[in-house]
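Put together the whole structure using the sequences plus the hints.
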Amino acid sequence: MTIKIDVDMTKCQHYGQCVFEAPDVFRLNADDKLEYTAEADDSELANIEAAIDVCPMQAIFIVK
Amino acid sequence: MTKPVIIVGASMGGLRAAEALRRFGYAGPITVIGEERHAPYNRPPLSKEVLAAEVSHEAVAFPQRESTADVNWVLGTGVERADLEHGTVTDSKGETHAYGTLIIATGLRPKRLEVQNSELTGRHAVRTLDDAIGLRKELKPGARVVVLGAGFIGCEVAATARKLGCEVTVVAPGSHPITRPLGVELAKELQRRHEAMGVRFVMKTSVTDLVGTTAVEGIVLDTGDIIFCDVLIEAIGSHTNTEWLEGNDLDLTNGVLTDNDMRAVKANGEAWPNVFAIGDVARFANPLFDAEPRRVEHWNIPTDTAKRVAQVFTGQAEGQFAPIPSFWSDQYDMHILAYGLLALADEVKLIAGELQGECVFGYYREGKMVGVCGIGMRTTVMGYRKEFELK
Ligand SMILES: Cc1cc2nc3c(=O)[nH]c(=O)nc-3n(C[C@H](O)[C@H](O)[C@H](O)COP(=O)(O)OP(=O)(O)OC[C@H]3O[C@@H](n4cnc5c(N)ncnc54)[C@H](O)[C@@H]3O)c2cc1C
Ligand code: SF4
Numbered sequence: 000m001t002i003k004i005d006v007d008m009t010k011c012q013h014y015g016q017c018v019f020e021a022p023d024v025f026r027l028n029a030d031d032k033l034e035y036t037a038e039a040d041d042s043e044l045a046n047i048e049a050a051i052d053v054c055p056m057q058a059i060f061i062v063k
Numbered sequence: 000m001t002k003p004v005i006i007v008g009a010s011m012g013g014l015r016a017a018e019a020l021r022r023f024g025y026a027g028p029i030t031v032i033g034e035e036r037h038a039p040y041n042r043p044p045l046s047k048e049v050l051a052a053e054v055s056h057e058a059v060a061f062p063q064r065e066s067t068a069d070v071n072w073v074l075g076t077g078v079e080r081a082d083l084e085h086g087t088v089t090d091s092k093g094e095t096h097a098y099g100t101l102i103i104a105t106g107l108r109p110k111r112l113e114v115q116n117s118e119l120t121g122r123h124a125v126r127t128l129d130d131a132i133g134l135r136k137e138l139k140p141g142a143r144v145v146v147l148g149a150g151f152i153g154c155e156v157a158a159t160a161r162k163l164g165c166e167v168t169v170v171a172p173g174s175h176p177i178t179r180p181l182g183v184e185l186a187k188e189l190q191r192r193h194e195a196m197g198v199r200f201v202m203k204t205s206v207t208d209l210v211g212t213t214a215v216e217g218i219v220l221d222t223g224d225i226i227f228c229d230v231l232i233e234a235i236g237s238h239t240n241t242e243w244l245e246g247n248d249l250d251l252t253n254g255v256l257t258d259n260d261m262r263a264v265k266a267n268g269e270a271w272p273n274v275f276a277i278g279d280v281a282r283f284a285n286p287l288f289d290a291e292p293r294r295v296e297h298w299n300i301p302t303d304t305a306k307r308v309a310q311v312f313t314g315q316a317e318g319q320f321a322p323i324p325s326f327w328s329d330q331y332d333m334h335i336l337a338y339g340l341l342a343l344a345d346e347v348k349l350i351a352g353e354l355q356g357e358c359v360f361g362y363y364r365e366g367k368m369v370g371v372c373g374i375g376m377r378t379t380v381m382g383y384r385k386e387f388e389l390k
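Read top to bottom, the protein sequences are chains A and B.
Using numbering that gives the first Met the number 0, the letters of the first sequence correspond one by one to residues 0 to 63.
Using numbering that gives the first Met the number 0, the letters of the second sequence correspond one by one to residues 0 to 390.
All the given hints hold, so there is nothing to weed out.
These stretches of chain B come out as covered by chain A in the derived footprint (C-beta under 8 Å, 3 or more residues):
id : segment
1  : 298-310
2  : 374-387
Straight line, CA to CA, 30 Å or less: simulated DSSO-like cross-link-like pairs of lysine-lysine:
id : chain 1 : residue 1 : chain 2 : residue 2
3  : A       : K10       : B       : K136
4  : B       : K187      : B       : K348
5  : A       : K10       : B       : K139
6  : B       : K162      : A       : K10
7  : A       : K32       : B       : K348
8  : B       : K203      : B       : K187
9  : B       : K187      : A       : K32
10 : B       : K203      : B       : K110
11 : A       : K10       : A       : K32
12 : B       : K187      : B       : K162
13 : B       : K162      : A       : K32
14 : A       : K32       : A       : K63
15 : B       : K385      : A       : K32
16 : B       : K367      : B       : K385
17 : B       : K385      : B       : K348
18 : B       : K385      : A       : K10
19 : B       : K162      : B       : K139
Source of the hints: derived by calculation from the structure; they are not laboratory data.
Glycine included, C-beta positions come from ideal geometry on N, C-alpha and C.
Following this line, the structure appears as C-alpha cells:
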C-alpha cells in the first residue's frame, strides 16, 4: 500500500521543517523550494504524520 | 473505572498531547478542558497571512485525527482550581473532575496596558481567534493604527496592517524592533525594511495615558507627545495562565517549573509523578544549552513537549529531552527562520549573505553557537541545525 501526499503550494512557505521529519519524501531544491514525492510507502506513515505536525503553514495533507 | 488523563488547555499543546498519548499506545480515557469555544487551531497565521485575508476557524483549525476521535473535549469551559493532593480539577460550571494524570497546557495570555483611561474601546491584543476576528474588522485602508511593542507579534501585525493599507506607527521602549533576541545589527536592518514599506517607528518611548472618551483616539507618550489613532494594538508581552494552580505545591514563578520529563516540580525539588506541563506555560531546562529552566514560546515546543510526556507516561522515554527550539516569522516578503536560543548569545555575527538582502546570522555564547537566524537562505540556515543536536 502507498500513501498519497498533497502539499498546498499556495500555503507552503518552503520552511523545510518537513524535510527533517521525512527526508525520503520532502526536500528543498537548489532554489530553496520544496519538492516532494506524491506517493510514499506505508512504512513512511509515521514520518509523514510527524511532518504534518511540524509544518508551520499546516500545508501537508494525506489524500484519502 | 480508570481515572482519565485530564489535559487543561485545548490549544496546540493540548491537542498534541492527546494525539501523542494515542500514538504511544495509551488507549484509556482522555478529557481535554479548554476555555476557548473553538477546537484547537493554529495561532501564528493570526498575525500574518490569515489576518491579511479572512479570519475564520476553518482557515486555522488543526486537522482532527481519527486516533483522537474518542477524546472528550470540554470546550468553552475554564478550569478554576486544582487540588493536586486529591487529584481533581474544578471547572467554571462548578463541576469537579477526578484525574489519574494531569497535563497542564494553559499557555499564555497577552499583557495589557495599564493606564488610567484603560476602559476605552478600540484596544486590541492578538492571541486568540476571536481577538483576530475583532481586529480584522478594524484594519481598513487608511485607518491609523498604533502598534505598542516591537517584538515578533508586534512587527508581524504592523506588516500585515500596512499590507492592508493602514497607516502604521510602532511605539516601543527598546532602541530597535526585536533587538532581543535578534541582535542590534539585524534589528536595525529589520527596522529599515519596515520603514521602507512605510511603517513609522517611535522608539525608546512608553505610553503614559490614552486619549478618548468612549473609544481610543490616541496615546500619550512619556515625552508628552500625543499620537492619534483609530486602532490600538497591544503586543507588549504575556502572562502565564497559572492562577488556577495556585495553592498547590508547585513552583509557579514564570510558568510551571518541570523536570526534564516535563513533570511539575514541588517546592522540595521532587516531581509530582502524575502532573505534567507542556508548551508555552512550561519552564524547563534544556540540556542543549545549560541547566537554567526557561519558558520557550516557540511553536515546536508544544509538539515536542507533548511527545516527551506521552513517552514518559507510557514508559518509552529514552535519554535526555533536548528539543531544538525553532521559529519563523513572515513580514512582507521576508521569511525569517531560526534555530536555537538566540537570546543567550554574547556575540552575534553575519555568517552568510548580505545584510541588505538575504542573510544569515550566527549567535554565540563563549564561542559556542547557541542560535542561527536567516532572512531567506533557508537551506543554509537548516544546515546549521545539526550544530544544536545533543552530542
Ligand atoms: C499571534 C501569534 C503569532 C505567533 N507566531 C509564531 C511564529 O511565527 N512562530 C513561532 O514559533 N511561534 C509563534 N507563536 C507562538 C505559538 O503560537 C505558541 O508557542 C503556541 O500557541 C503555544 O501553544 P500552547 O498550547 O502551549 O499555549 P496556548 O496556545 O496559549 O494555549 C493555551 C490554551 O489554554 C486555554 N486556557 C488558559 N487557561 C485556562 C484554564 N484555566 N482552563 C482551561 N483552559 C485554559 C487558553 O484559552 C488557550 O486556548 C505565535 C503566537 C501568537 C499568539
Ligand atoms: S514544512 Fe510546510 S511550509 Fe515548510 S516546506 Fe514543508 S510543506 Fe512547506
